[in-house]
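Student: Residue strings, one per chain:
2 protein chains.
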Amino acid sequence: MNERILELLKNKNYKELRNELIELNEVNIADIIEEVDTSEAVILFRLLPKDMAVDVFSYLSNEQQMNIINSITDKEIEHIMNELYFDDMIDFIEEMPAYVVKKILKNTKEDERALINQFLNYPDNSAGSLMTIEYVDLRKDMTVAEAIKHIKETGIEKETIYTCYVIDGSRKLEGIISLRKLVTCDEDKKIEDIMNTDVIYVHTHDDQEMVASLFKKYDLIAIPVLDKEERLVGIITIDDIVDVIEQENTEDFQKMAGMEPTDIEYLDASVFTLAKNRIAWLLILMISATFTGRIIQRYEEVLQSVAILAAFIPMLMDTGGNAGSQSSTLVIRGLALEEIKTKDFFKVVFKEFKVSFIVGIVLSIVNFLRIYFIEKINFKVSLTVTITLFITIMLAKIVGGVLPIIARKFKLDPAIMASPLITTIVDAVALIVYFTCATIILGI
Amino acid sequence: MNERILELLKNKNYKELRNELIELNEVNIADIIEEVDTSEAVILFRLLPKDMAVDVFSYLSNEQQMNIINSITDKEIEHIMNELYFDDMIDFIEEMPAYVVKKILKNTKEDERALINQFLNYPDNSAGSLMTIEYVDLRKDMTVAEAIKHIKETGIEKETIYTCYVIDGSRKLEGIISLRKLVTCDEDKKIEDIMNTDVIYVHTHDDQEMVASLFKKYDLIAIPVLDKEERLVGIITIDDIVDVIEQENTEDFQKMAGMEPTDIEYLDASVFTLAKNRIAWLLILMISATFTGRIIQRYEEVLQSVAILAAFIPMLMDTGGNAGSQSSTLVIRGLALEEIKTKDFFKVVFKEFKVSFIVGIVLSIVNFLRIYFIEKINFKVSLTVTITLFITIMLAKIVGGVLPIIARKFKLDPAIMASPLITTIVDAVALIVYFTCATIILGI
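Protein sequences, first through last, are from chains A and B. If you're matching positions, the first sequence starts at 1 in full-length UniProt numbering and goes up one per residue. If you're matching positions, the second sequence starts at 1 in full-length UniProt numbering and goes up one per residue.
Hint data in this document are derived by calculation from the structure and do not stem from the laboratory. A hint or two may mislead.
Because identical chains cannot be distinguished in the list, a pair is counted as satisfied if it fits within a single copy or across any two copies.
Keeping only pairs whose Cα atoms sit at most 20 Å apart, straight-line, the calculated PhoX-like set for lysine-lysine is [said to hold, decoys possible]: (1) K50 / K181; (2) K189 / K149; (3) K354 / K276; (4) K341 / K409; (5) K15 / K152; (6) K152 / K181; (7) K380 / K343; (8) K102 / K75; (9) K149 / K181; (10) K149 / K50; (11) K181 / K158; (12) K75 / K109.
Whenever a hint applies, use it, and build me the whole structure from the sequences.
Tutor: So, in structure tokens, the structure goes:
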């Protein structure tokens, strides 16, 4: 399909091209526009029927959006801005450089401009920054028939009509009603008698993570957003929440690998930003790890007298780190999904105690068999390594399971208690256990 | 609110209790039932009006569902099974032990039993295992008015009525139409003329991750599921996809921490399962790490002659591992969200080259200042450690950025190229670089 489009574009067969384009899904057209070069992109975009062009525009990358805005007339810009859903417009404006924003604002009406400025001021990652203003509002004294007529007349421009919002004269939210209920109810029933007054809602400054967890908990497809005076100012729809969920997960992945979280895509992020996000934690962990080095320094004579001991340091440190990271990852994820609460502290401790016992036994046996029988290491050294391995795994898993819960208890983000930090802590623990065992068993 | 419910329950004031309960959201009632003990849970459940009881049931944990099924009459079971959405019923049956399943199947009609068996046979994580059969089907020769009448009559029992499916006599999917379009269109228009024929759909055996990415790409709220003969057999709705997205993310977190993925919640998983999921990777990594140990063994004389070198091994290994994990995490996540493609290989290499250069310089300088001026380590040793640190960071970040893409290229899961494996690889690299630098600079 795409080859056909590209061929028609090359041959400047624009009439045929337009016919092919309008048969496609807007998302796929956007994909094609992303692939061609700048001038061709503008040609393709301008071939689209006006309404379709707006939808396609909302699916383009910021880079391509800017390219198009720079190439079309003020009148075309005005049309796009009028037809874009408000939340898509805000997302777009937020990413544009100042001169583009100026050009856009010039082409919007004064009252809308005020509204845009208000939306641009909502904090990043707040409910306000996610919401749209295109929703259906009803009055409680309407009948079902009147409500449906109202939806028929105004619904086309709304982002969703499947949940309608019942408000009073001062825009205070009184209830919600689904289109499903309206369609399946008697036409002469009053909205007031059938609306749902037990509404789940959020405020403009609530954090997006909290909003997403309400969607998950109550299986919502939209949620109303109220201002400080409890007036309805917008709604958030599920498609934006899906993006929020992925964004929050990405941030957790980044934090758990010891980075400052960012919502800029990897390939779009500047080298400087990427470096900056990574350096802080690397520095902290590097300096912490030198303390681990001190432990080795302190036991220098032990290493000098039984040099083979040094050869097992990487294995003990790595296995301890891995064992601890496994536990901390499960607990951090459980906390994020609210499957584990801080009150489950002792449940986690006991669980990790039992799991680490099994894991410790299995790994220790395999290790002993390997180094004593295959690598022919002296019995006492083999024993020292094996006992250290067992104790390290037990401690690593318990520490790894417990630290994220403690972090949550102290209102810290549990995600910092992930692999990098756990590894650093466990390394130190492993070495202390190792040298203590060595001095006892080998009698050094 | 919950305190009031618990007090009424204790005082056996059931009439008042029922009045309080019916004012609550079903999700919140389910939360309360989870908190009280077994016999109280059954009392609360039985106080609920029949329809509400079914909704509440679908939000309960498997444990509490089983407890209730074991305590109510066959007739009550029959009612719940009839009223549950089909996908919720399948999810529930899949988690129950055999004797409960038997009890349930005894209470369902024969044709439904056949359907249940068919659904239970869809592979885990397939579209078939997610879909529900409660959707609205229309014929293309209906008018809008007829379609709305049909929805009015049958819509109450459907999981969603917001997207309707147009099928022919043999149930082949001919198009879809949204309720929004039906409500905002002229009543005498034919469905055929206004339906959307460019339908995004999946097949029963497609993987849930692919289904979720279609929802994200096209901002869907439902998707039709076809069988091998292209007949419509069910639909998947967005609420189930939100769960799939979280489940896929959880699996990625688990794989990236070196564990077998599982969708059982941490607190529900048995100790044996948890241990089993963790041991395989720990064993592989433990044995790999012993090869790292061999490197130390080979350079025993170097360590013997300059014993202080051993003290920096943990810092070099840890920093290298952390630097590599940062890069691999970003790239693995980028691949999962389809922000990075395999064709971006060289873009990633160049980016990591530049980022690691900056990061390497900063860390090396800090490290040199610290160990030479503060720890007063001999200049040549300080230089050896610093140069090793720089080279290790460069290599770690490039290896970390590149391995996930290579894995994807070879159709392996990029998530295995995460922290544990990268750490093991980078440890070996770091030690080889370290001892090579040491022999050159210190002239050992």
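Student: State for each hint whether it applies.
Tutor: Comparing the hints with the structure gives:
no.	hint	verdict
1	K50 / K181	between (34 Å within a copy, 19 Å between copies)
2	K189 / K149	both (14 Å within a copy, 17 Å between copies)
3	K354 / K276	between (41 Å within a copy, 12 Å between copies)
4	K341 / K409	within (10 Å within a copy, 40 Å between copies)
5	K15 / K152	neither (34 Å within a copy, 43 Å between copies)
6	K152 / K181	both (16 Å within a copy, 9 Å between copies)
7	K380 / K343	neither (43 Å within a copy, 53 Å between copies)
8	K102 / K75	within (15 Å within a copy, 68 Å between copies)
9	K149 / K181	both (15 Å within a copy, 14 Å between copies)
10	K149 / K50	neither (27 Å within a copy, 33 Å between copies)
11	K181 / K158	both (18 Å within a copy, 12 Å between copies)
12	K75 / K109	within (13 Å within a copy, 63 Å between copies)
When each numbered hint is compared with the structure, violations occur for hints 5, 7, 10.
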